[in-house]
Every structure is written in C-alpha cells, then in structure tokens.
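With the hints as extra help, turn the sequences into a complete structure.
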Amino acid sequence: DDVRFCHRSLDSNEMEQIFKLSSSCQVTKAKDIGRHVRSNAFPNPFHSTFSLSLNNSTGPNSISVFDLTGIEHFKDIFSGNHTTLDLCSLQSGYYLIAIHTNGMMERCVIEKVFIINFTHRFQ
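For the sequence shown, this note's numbering assigns the number 56 to the initial residue and increments by one for each residue that follows.
Everything labelled a hint here was simulated from the structure, so no lab data went into it. Ideal placement from N, C-alpha and C gives every residue a C-beta, glycine not left out. Each hint should be verified, as a subset may be incorrect.
[Said to hold, decoys possible] Simulated restraints on C-beta separations: (1) 117 <-> 68: 29 to 35 Å; (2) 148 <-> 113: 32 to 38 Å; (3) 113 <-> 145: 28 to 34 Å.
Here it is in structure tokens:
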C-alpha cells in the first residue's frame, strides 16, 4: 500500500479511497485480532466541535488529528469512553483522526465544514 501526498485538491473518488484505506486498518497487533476498537465520531461533517465515543476502552486514550498532507493539528489524551473536541481553529476540509486505545489504533476521516449564517430582514 503506497501513500503519496500531492499539492492539489482531492476529488470525491480519491477521498473515498482514503476513507476505505483508513477505515480498513483497525488492529495493529497480531495478538489483538478478534478485539476491535469501536468508535463513533459525530457529527460528521462538523462545524467547530465533534464528539468521539469509544466502546471497550479500558485505559487512557489518545487522539490525533492530521490534515491530508500528514501535518498533525491536534493531539489530546483522555480517559473514559467519551470526549468532545473543539476544532474551531481548523480550516474547512478533510482530516484523518487516529485513535489509540487499549494498545490498538483506529483511523477514520472527518470533514470540517464552514457554515455561514445569513440573517435576512425583509420589509
């Protein structure tokens, strides 16, 4: 599996391939086959914050957020099965999140959208 980064916008087919690659690699240790990290990131797409829920987490968890060029923009360590991340400083676009828990890693793609609220007053 070859990963290459380019300096252009990715089309929806390329994004779908990244999502398929990132979501198909969940177990990082051979001895962990059969055990899975189950996570749910919502809402996706998000505007400024999103929540992450984990099942079967027994220890400290870490999460990293990367842009598609591989630059890490956010990293946090949390306990428990739920956290809310404030990512309002990120620009709109697609990001990869890497979740490390119980000695395993799961990856998924999230999308930040820029929402403009217009208030029209008609007389």
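Results for each hint:
For the hinted restraint 29 to 35 Å between residue 117 and residue 68, the CB-CB distance of approximately 31 Å keeps it satisfied. Look at residue 148 against residue 113: about 33 Å separates their beta carbons, and that is inside 32 to 38 Å. Between residue 113 and residue 145, the C-beta spacing of about 30 Å keeps the proposed range 28 to 34 Å intact.
Checked against the numbered hints given earlier, the structure satisfies every one of them.
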